[in-house]
Structures are given as structure tokens and as C-alpha cells.
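Student: Put chains B, C and D on the given structure of chain A with help from the hints.
There are 4 protein chains.
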Amino acid sequence: MPMGGDGRGRLLHLLDISARDGQVNWPARVGLVIAILLSVGSAAIVTLPDLPAFERFDCQVATAVAGVMFLAEYLWRIWRAPLLDPDLPHARRRYLLSFIGLVDLLSAAPLLGLVMPELADTLLLGQLLSLFKLSRLTPALSLVATVLKSEWRALAAALLVMLVLLVIASGVMYLLERGAQPTVFSSIPRSLWWGIVTMATVGYGDMTPVTPFGRLFGGMVMLLGIAMFAVPAGILATGFATEIRRRDFVVTWNAVARVPLFTGLDATRIAAIARLLKPQIVPERQVVVRRGEPADAMFFIMEGEVEVEIEPPVKLAKGQFFGEVGLLLDTTRNATVAALTETRLLVLDRADFQRLMHQHPDLKARIEAIAAERKR
Amino acid sequence: MPMGGDGRGRLLHLLDISARDGQVNWPARVGLVIAILLSVGSAAIVTLPDLPAFERFDCQVATAVAGVMFLAEYLWRIWRAPLLDPDLPHARRRYLLSFIGLVDLLSAAPLLGLVMPELADTLLLGQLLSLFKLSRLTPALSLVATVLKSEWRALAAALLVMLVLLVIASGVMYLLERGAQPTVFSSIPRSLWWGIVTMATVGYGDMTPVTPFGRLFGGMVMLLGIAMFAVPAGILATGFATEIRRRDFVVTWNAVARVPLFTGLDATRIAAIARLLKPQIVPERQVVVRRGEPADAMFFIMEGEVEVEIEPPVKLAKGQFFGEVGLLLDTTRNATVAALTETRLLVLDRADFQRLMHQHPDLKARIEAIAAERKR
Amino acid sequence: MPMGGDGRGRLLHLLDISARDGQVNWPARVGLVIAILLSVGSAAIVTLPDLPAFERFDCQVATAVAGVMFLAEYLWRIWRAPLLDPDLPHARRRYLLSFIGLVDLLSAAPLLGLVMPELADTLLLGQLLSLFKLSRLTPALSLVATVLKSEWRALAAALLVMLVLLVIASGVMYLLERGAQPTVFSSIPRSLWWGIVTMATVGYGDMTPVTPFGRLFGGMVMLLGIAMFAVPAGILATGFATEIRRRDFVVTWNAVARVPLFTGLDATRIAAIARLLKPQIVPERQVVVRRGEPADAMFFIMEGEVEVEIEPPVKLAKGQFFGEVGLLLDTTRNATVAALTETRLLVLDRADFQRLMHQHPDLKARIEAIAAERKR
Amino acid sequence: MPMGGDGRGRLLHLLDISARDGQVNWPARVGLVIAILLSVGSAAIVTLPDLPAFERFDCQVATAVAGVMFLAEYLWRIWRAPLLDPDLPHARRRYLLSFIGLVDLLSAAPLLGLVMPELADTLLLGQLLSLFKLSRLTPALSLVATVLKSEWRALAAALLVMLVLLVIASGVMYLLERGAQPTVFSSIPRSLWWGIVTMATVGYGDMTPVTPFGRLFGGMVMLLGIAMFAVPAGILATGFATEIRRRDFVVTWNAVARVPLFTGLDATRIAAIARLLKPQIVPERQVVVRRGEPADAMFFIMEGEVEVEIEPPVKLAKGQFFGEVGLLLDTTRNATVAALTETRLLVLDRADFQRLMHQHPDLKARIEAIAAERKR
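Chains as they are written, first to last, in our numbering: chain A, 307 to 682; chain B, 307 to 682; chain C, 307 to 682; chain D, 307 to 682.
Looking at chain A on its own, in the form it has when it is part of the complex (with noise of 0.2 Å):
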């Protein structure tokens, strides 16, 4: 992340399309989006069998345009990498080393084939793989980058029973198979070919066994087959739902450590407290508390706006927090609560409430001091 602070990190900041906030460099952005759709959809009008001249032409224009764009883009990441973090040593040759720093260089490799029309036919794998660019602007690639990072073991693990199995089915398919269709079943490779298509349950059907016991023996591996593939399919499945469950966590930690009276806790404490909070999803015009009801909670407001009923009635929007009277005092609720519109409330309930209040006499004296002036 470039530090402002001078024209230089201004400048990078301007133009870093890797940027997350997505407000300074949108341009950037929506033109590598641009580029990317171009050079795909070129690479994949241009294979067209019958395709007219002038077509071909265009699908050249675009892939030039798109090559152009990525070699900038590609220039411009390496000479901007040892500014990223001038700490790490080497950051120009790590970059070019890189699997990005890879597929960056393939995907401007294209425009070397206007020039090498011999060379457009391979290259046009570059052009598909600019997709690779996504990862950068979209969280949705990096997420499953994350997961096979960290299921990579019980992956191996299920990936390595699957071979054992595939290896051993297609041995004994082609053992029971050759002598009825020599030349289907004509190698242990090509009954290879069989096993996969059976055991992922693909099934092109090019490759089938006809005696009965080949028969019998397939429907058993079919059986195996679902059951072990089925198995890295509940793998990854269970870590993205981990994943997007441990994102949900960052964001409610850091909505934690943006409300007021949160400030200058440490990261396991703002933790703590983000574990405390219970979410809430208040509808429109409903009551959230109702004077004189027991308090048993009190609520920090997330997205959208609530009015507290009192004259005058005193709207609380997002990062504000109310309810914290009642527990103060231990009283009933002294105004009542409405939501303007939809809102989301995190809810902190009375126990939590009061354990946070004692191993935090300065936290109490903050919450306090806001709840005497409302008071008032």
C-alpha cells in the first residue's frame, strides 16, 4: 500500500488499480476490466473457422489495444515494485518471478504475434490467461487461493486416495475388459482415460465395458467413485464456508474498532469484544426497546438509522450505540426506541455488558460520561 505523503506515493496512489477502496482508481480499474474482456473475447472470435476478413481484423485491434495496455501495466508494476514496501529486498526480481508477474508477461506476449503471425496461434493462451488478472480486482480468486492454502493438506490427502483408487480400477478394468474390446481397452494409459471420466461421473460414454464382469466391476467403482470424489468436493466446500465465515469476523472486528469508544484497544481485546456482539436485523418501523421494559442489553448501530422516541426525538446512525442508560443504572428503560429504516445492530446483553464495564474502569467512564449527557 503506497504511504501518501509525497508526490511520488500521490502519484502511485492515483494510478494503483490493485487499490481495494476502489474510489481514487476506478478509471484504472474499469479499464483493466476493459483490456481483459478484450483480449479473451478476441482470442476466442479469432479461432472461428469461417470468420470474415474484416472480423479478423477487428479481433487483431483488440488484441494490439489489449496488448498494449497490459505491457503498460506490466512496465509500470515493475518499476513500481521496489516502492511498494522499500524494505523487502529483490522486489523487482520477486515480482517478475511471480506467478502474476508470469501470467502479466503472457498476457502482453499477443502483441508479439502481429508482428510473428506463426507465433498468434500459441500465444493466444496468454491472452486467455490475462483473466488471471481478476485475483487482483476481485476478492472472489484470491478467496480460493486462500482456501487450497490452507486445505491444502486433507486435499493432498483425498487427492492421493483418488489416484490410488483410479489407478488401481482402470488396471484391473483393462485386465477384465481387453480381450472383449481389444481395441477400446487397448492399454493401462487409455483405461486410465475410462476410470476418470467414470469416477468423476462425467460419463462421455466413448469408453464402456460390456462383459458382465467388467460390468459388475464398473458399477462398484462408480459407487467408490462418488463416495471418494465427493470427498475434496466437502473439503473445499467446508473452507470457503470457513473463510467467508472468518472475513464476517474481520468485518465485524473492524466495525468494532471504528465505533468512538472503542478506541486504542488492542487487536485481541477489540477481538474479545467483537465475539461478544450479537448481529441483529431490525425491519423497518419496528420497536427495538420500549420505555419501561427491564434494559437487558445495549446496541451499536452498523447500517441504517433509528429514532429515539423523546422530545426532541434524536436520530442515532451508523457507529453510534444507545440502550447503555439502562444498564448503567441497572433500570428500566427510559425512552423508546424505533428503527427509521431497515437496521443492523450489533447487541451486547447485560451479563457481557457488565463483565466488559469491570475490567475496564476507563471504558466505563467514557460510556458513562456519554450516558449523564443524554441524560441530561
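If you're looking for bench data, these hints aren't it; they were derived computationally from the structure. Computed from a predicted structure; not experimentally measured. Glycine included, C-beta positions come from ideal geometry on N, C-alpha and C. Worth double-checking, as some hints may not be accurate.
Claimed, not checked - Partial selection, computed: residues in chain D whose CB lies under 10 Å from chain B:
1) Val508
2) Tyr510
3) Gly511
Said to hold, decoys possible - Pair ranges (Cβ atoms, derived):
4) Glu679/B - Lys670/C: 31 to 37 Å
5) Glu679/B - Lys624/A: 48 to 54 Å
6) Lys584/A - Pro618/C: 54 to 60 Å
Tutor: Just chains B, C and D now, kept in the frame of chain A:
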């Protein structure tokens, strides 16, 4: 929801096919289901190639009947739109431009095909789309909409990853196979068909790799495809489970809100109580509490009937509660209670009961009044 | 369940093939399994096109043997029906009209085919349906029935959504493809076959779209199909998991009910205790509690054997308990206890133990008596 | 596991390819993996139809090399069997008759094929089965065995249900289709092939129903098939997840057992402590606890390094703990602790800490001693 009190509102209620209580307006609902079945059935049958002329005529009659009903419904809905929520501006325009409004229009459109036979073919689509009208009659379709809405971010992320993998896999397979099968893998767009058919594990077999490298790469794509395609399925399945659980909670909430004891509590508080209650199913003739045992819970009857074995025996049914006397006086059970039919109970245990009583002195007073009456 | 005490009941018990204890009546059960295998096997083999005459005869013999056994079973079940629950009116008619009653009738019907060979072919179905008789012999099939019953609302909702999508997808594909393949996509009913084969990811390949728009739409249908078809699979899988957990709870419940200490408690209270117990598996020769350590739990032996290392050592087995002395006297362990074999224990920890003792003075008295005796 | 102390045991340990510590015996393990790859690879390549003679010779050499290694391993394992557990009777016979013993024998058998070429073909199977030897080298395959063992009851139940449905579905399809396709659906055993191919959603397309009723029934079978085949997949996936979690717990358990503080506690007690600890990952340079904050937890370092910021700073690494002083004296933190590297911690919070100290006066004494020393 129409408000009663004036004639127009009452008429509206009587005719309202979208009402959920299912009591007043069943004739309209049944009529609509019949019209949908007629419409879809005639659309399917009329396409049969060697249909006798008289059956074709029957189909046209069915189309006409359904079309007239849909047209009437459509006009009625346009007329009614502003009455549903008088505060909402442009209610008619909103309805006309909504998805379900367009479905209502297209469902009625096949009527046009009867006078302009050259359009009949295209208007078949409208007849099929009338199935979406079912979403007003059953929560099943709206459940899908809710899940898609709440999970769309995760689904879009998974879809993007799948599309990126699909395009790259198909492009690479095109490069690997076009030499061996120039007419089958003739372009990247055609190769995309292979990609989606394979990664979705459908595997028609109309396009299959034949080269060793093509098959090796194809096997890897299958493994990847299964894993990646499992992710949206997992997200949807989890989303459905969550949504169904949420609706179950709403059912409990409504059940609690209908218990006379809890009348006048606000939504948050009823939700709190609903969370304290644990469901329990008691088979026919089973004893729920036994005289002389210590009292550790009170029970709310959700469905079924129980008998309090005192002299004379007392029957309690849906909406009533028992077991509170022992909790209030902290004594043993003073009567055996047995289920007369299979009974669904919600159980509130001692600790939760006492916390509740402590927080709601008025609730305590009400329960004590009923308990005192029962003791006599 | 037949009540013992009179000759008729005892006879009933001896013959009862549906009894679950699996001790008295294993000959009847084994006989029935053999009859089912004979029946299904002969039905399958008799259809083989080039079967030698003598093997065809063998099949007829097997059919006859199984048919006679099924007929005997059927008549016996009709005779027995009213004895099972004397209070139930119309027990015979109920059995005759029940699903399993019809299965019993159809299973015996192939006998008829031996005298009327022209019916034999159709009566094959009865031989196959005899497999449903297994549901009386194993809980596996009844598990499916229970899950379907408890999840039918969610399943019906998912099925309805799938049917709506199927019909609309098939209709649209018909409109897209009939121009290019008028003989393949010749009508909507035929297109429905494409729809179900594709959305279920079976993909025979007998009907595939060939136009670009047809393939684009087909790809979208595949994505949607996988996602939607995952929902009922997810519901069923979850339902099975829940049901298996519930049965595990019932097993614990029964184990608790069989502990002499808890005799005479009612069902709700035993359920409450069962919920408090946590299972623990201790490997052979592992120490469970060590002399001198503080006592924090007592243990019930579900399976296996432990040795209390005092002089002389005492062995405790299934149904017995230990570790209660330390809890009662609030002291440290007065003896080491080690597992002689792999032992399944249920653990009741200190806090739950004390709550239980407080609520059941009589239980406390009984435990104190046994503990006092053991101390001596 | 061989015990050290005498020469024979040490030799055994040096050669032991099944040892899990992966330090002493990597040459043997690497050799075995190479032999497995040679064996499987040569088996696959030798079946290629148009293999040049010299490559066929290479394959025979590879088969011979692998065969000799496997034979040596087999003999060594027979010799070693009684040494592994001197108390176990018939150790050699047990090994010879075990599944892995048979695999070891069959893996060496292809050596025989070199002298008797007419057997070489059949002995290919042994070469493939040598893959099962991997189960000694990686926990992945043994994980599958464990899961199958622990879930076999549920799997067998699901399998039985699937078989019943498969037989009935195939039989009915035979009756429906044999009229239209007498050569395709020629018997029930052949129809079973359609059933399994369809219900497993493989869908080769070599057998498909063509009659309207056959297709209607086929569609229902597909729906049912997907749902039922999802059940064993779900059971296996859940089983894997549980088993992996269990192994994680064992890892925590071992980590706790290795903390000097907990030396001498029995297994149950360590398990209890392991359950109390919550994992936390702290990124590089993050502050874990801050001087002056209230103390609410103590930390055990599982991986990585932290620095206690006192004068002079103290580094703590794997196996050490911190944060206990504040808990013991119930004061605020007396020093800031920051992670030097990404650090995996196990957190024991205040309430659990105090319960633990109360139950283990000796543990308390030890911690107090270390804390006292640190304070100085």
C-alpha cells in the same frame, strides 16, 4: 394485506389469491392452480408432432380458458395495486414493471395466439412462464428467491471463479485437440461447450478429447470441475438450511406471541423468550411430569392435548401451559400430566423461568394469578 | 409386540420375524432373507435371453419355493394381525391395505405365474418388490422412511422448484433447437427428457443442443441444475445425519434407563440425564482416574471392563459405575481405575452430578449407600 | 515400534520404513516410493500396443528392480514380525495373512512373470496393488480406512437402500423397455447396468429408455438416484471431517502433554485441559497483551516466537507460556508481549485458569514458582 373495516377492503380480502391464511380465498387459489396446469399442459401437448386435429382443438380451448383467467387476474391486479398500500406512490406502474407483473402479462398473452396463429408458437413461452405464478401460492419458490438474495455475493464469487476456470480450460483444450479433431474442437467457443458439459459432469460425449495430452488435461479439468462446482451447490444447500431454520424460528416466535401470557411484549423480548424454549415431542399416553418429582421446567402446548390427572381430570390444549406451580413455589410436582395425543411442547426450564420472572414482575404476577386459581 | 404369559403369546413371540431382539427368532428371519434372495435372483436370471431349459426350470423351482414361503408368511400375518394390539380395531383390514401388506401379497403372487405362464412376466415385479420386505428385518430401510417423513415439506418444496425450472428450461430449449433438430427436439415432452437428463447431470448424449444459443442456454441450465439438484440431496443428507444422531440419543437413553441406579425415573428425567452424559472411549490399559487426583466426574460403563486398583483389585463391567465416592465426599480419588479392554464410558461431571443429587434426594441416598459399602 | 537399547532393536529402527518420525529412515522410505513408481509405471507402459522392443525391455528391467526390492522388503518384514511386539503370538502368521501382507506378496510376484512370460499379464495386478503399500508411508490412506471403519454401519445401511432401489428400478425399466428395445434391455442383469450408470449420474448413453413411460420412470429414478447416492457421500465427507478434527485434537493433546507444566498428568486430565484451550493465530509484530490492561487469559506458544518487552527484552518460543502473572495476582498486565513471527498460541482464559488452579494445587504451586522467578 388489505385492511378490513370498509366494503372495498372486505371484497379485496375475499378475492385475494395471494393471501396466506388459506381460508377465505381457496376457490380463487384452486382456480389459479387449475389455470396454470391447463396452460402448461396444453403448451406441452400442442407441440407433439402427430397430434390429431381434435386434440389440438382441445389444447386451444385449454389455452383460451387459462388465458381468459390470467387476463382477468391481470386486470384485477392492476386495479387492486394502489389499494394494497395506499401510501406507496406509483403502485400500478410498479406492479406493471415488476418481474411478476411481466409474468402475469406474458401468461395472458397466448390468448393473442388464438387469433394470430403465426404468433402461437412464440407465445408458448408465456404459457410455460405462468409456472412462476406459483410463487404467490407456495412459499417454496419465494424461499429460492430469498436464498439467492441473501447468498448472491458468495454465489457470484463462485460463479466468477468457475467462469475463469471454464474459459481457460476450454481454451487450453482447444489448443491441445484442434490438431487431432479439427472439426470437433474447431474454435474456442465450441470448446467452451466441451468445457461446461465436462465441468458440470454432464458428459454428453458429443465432444471428447482423444490425444494423450488432451485426456490428461481433461482428467485434471474434471477433478477441478467437480470441486469448484460443488462450491455453489454447497452455498445454496447451506443457504436453504439457514433460511428454513430462520422460518422455523419465526414459527416459534409466532407461537410464543400467541400465548395469552406474553401478550403486549415487544418483538425483541418475544424473540428472547422464543430462544429460551426448547421443542419436545411427547408420544401419545406418555407421562410428561409425575406427581412428587421435583419441578424443573414449565411447558407450553404447541399442538396436541394433555390431561392433568387430578380430580376431576383437566384437559389442556394448544396455547395453554402447565408446570408453572412447582416452579413458582419451588416444590415438587403436585399432579401427573400425561399426553392424550402426540403433543408438541415448548419447554422452559427452571433457570430460564426464574430469570424471566425476575425481569418481568408483571409476567410473574399474571402467572401467579393463574397458578393460584389452578391450585384451588 | 406380543405379551408373554400365555401360550398363544409365546408362540407368537417364537415365530415373530419382525421382532428386533434377534435372539429367539433367527431361523424365521434367516429363512425370510433366503426366500427374498431366491425370489429376486430367479426373477433376474429367468429374463436372460439364451438361458438353457434346465436353468429356467431351476428358476421356476426357486420362484415356487420363495412363493410358498411368502404365502405362508402372508397368511400368518393376516391371522396374527389382531393379536398384536388387541385394542386396535380392524387390524386385519389395516394390514391388508397397508403398503407392506400389498408388498406381502405381490411377493406371493408369482406362485400364480407357475400355473398361468402368460402372467409370469408381469408377476416378475412382485418378485422384485419382495425386497421391500427387508424393511422389517433391518432398520436401514425404515430409516429412509423416517427421514422422508420428517423432511417431506422441505423436499416437496425443493421438488416443486426443480419441476418448475425443468419445465421452463425444457420448453425454452425446444423453442431454441427445434429449427436445427426437428426430429430430436420434436416436442416439449421430448425436450423434458433432455431437461431431466441434463439437470440430473446424467448426460446420456442422446439429445444435445447444437445451435450456439441452445448451447449457451444449455450451459446455464447445467449450472442451475447442479445447484438446484444439490438442495434435496443436502436436505436428505442432513436428515439422515439428524436421524442417526437421534437414534444414538435413544441408545444412550436406553443405556441410562438400564442402569439400576436410575430405575423408576420417568422418561423426561432419563432424557435429561442422558443429555448430561458425554461419551468417552478409553483405550486398553489406559488409566481413567488416578489415586490422589481431585475428583471431577463419575463414570458409567457402557461397554468393556475396568479394574479398580485396590487390594484385592475389583473389576467393574457394563452397567456399573465408579468415581462417585470422590464426588460425594468432595475429596481426591481414593483409587486408580484403569481400562482392561477398550471401554466406552459415559461421563457425568461434577457440576451436573451435584445438580442431579440436589434434585433427587432418593438418588443421592442410593448412591451414598453403594459408596458407603464400597468404602468398606 | 522397536525398543532401543540392544543392537537388534537399533538395526530394526534404522531400517524401519514404517516409522513415522521420518528422520532416521528416509533412505528406505524414498527407495520404497521409487520402487512403487517403477512398478506401477512399468505395468502401465508395458501394455501399450505398439511399444518398441527396447522400451518393453526397459519396462522389464524396472519390473525386475521393483520386484527385487519388494521381495527383500517382504522377507525382511516376515523376519521382523515377531520383534515388533514380542508378546503377540503368531506374529508371522498374522502378517502373512493380513491384507497388507498379501499386498506385499502380490507386489513381489511380478518377478515370477519375468521367468514365466505367460503369467506376466496376470501378474500386472500385483504391480498395481503395490500402490497400497503407500498406506504405510502416508496417513492419507489410513485415514480412509479409519473413516470406513467408524462409519461402516451407516454406509452399509445406505448401500443396502441403494441396492434395493437399484434392483427394483432396473427391473421395472426392463419391463417398460424390453418391448421397444429387446436387444438393449434384454434381461434384468443388463438392465441393472442401466440402473447403476443412471443412478450414479455417470450416464454413458449406451443404454437409454426410449418409450414415454420408460423416460418418465427414468426421470424419477434419476431424481431418486441423486438423492440416495448423496447420502453415502455425505456420510463419508462428514466422517472425514470428524476424523480430521479428532486428529487435530490429538495434536493439541500432544502439544499440551509436552508443556513441562503439565508433565505427570493422566490422559483424561490432559484431554480436559486440551479442550479448554482455544487456538489463536497472531500475525507478525502484533501485540498480544499490552502493559496496564487487565489480565484475562494466559497463553501457550505452539509455534513461533514472542518478545516480552521488559528490560532486557525476553524471547519466548514453542512450549513456553506467558500471561500467568496477571492471572495469579489478579492485576493488570505488567509487560507488553508482541509476536516476533506469526505465532500460533493456545489461549486459556481467566475462568478456566482459576478452575484449573483450584483443582490442581500442585499445578498452581509450579506456576507460582515460575511466576515468582519471572517477577524478579
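Student: Hints first: check each against the structure and report whether it holds.
Tutor: Comparing the hints with the structure gives:
1. Val508: holds (8 Å)
2. Tyr510: holds (8 Å)
3. Gly511: holds (6 Å)
4. Glu679/B - Lys670/C: 31 to 37 Å: holds (35 Å)
5. Glu679/B - Lys624/A: 48 to 54 Å: Between Glu679/B and Lys624/A, where Cβ atoms are some 50 Å apart, the hint holds.
6. Lys584/A - Pro618/C: 54 to 60 Å: holds (57 Å)
The structure meets every hint from the earlier list without exception.
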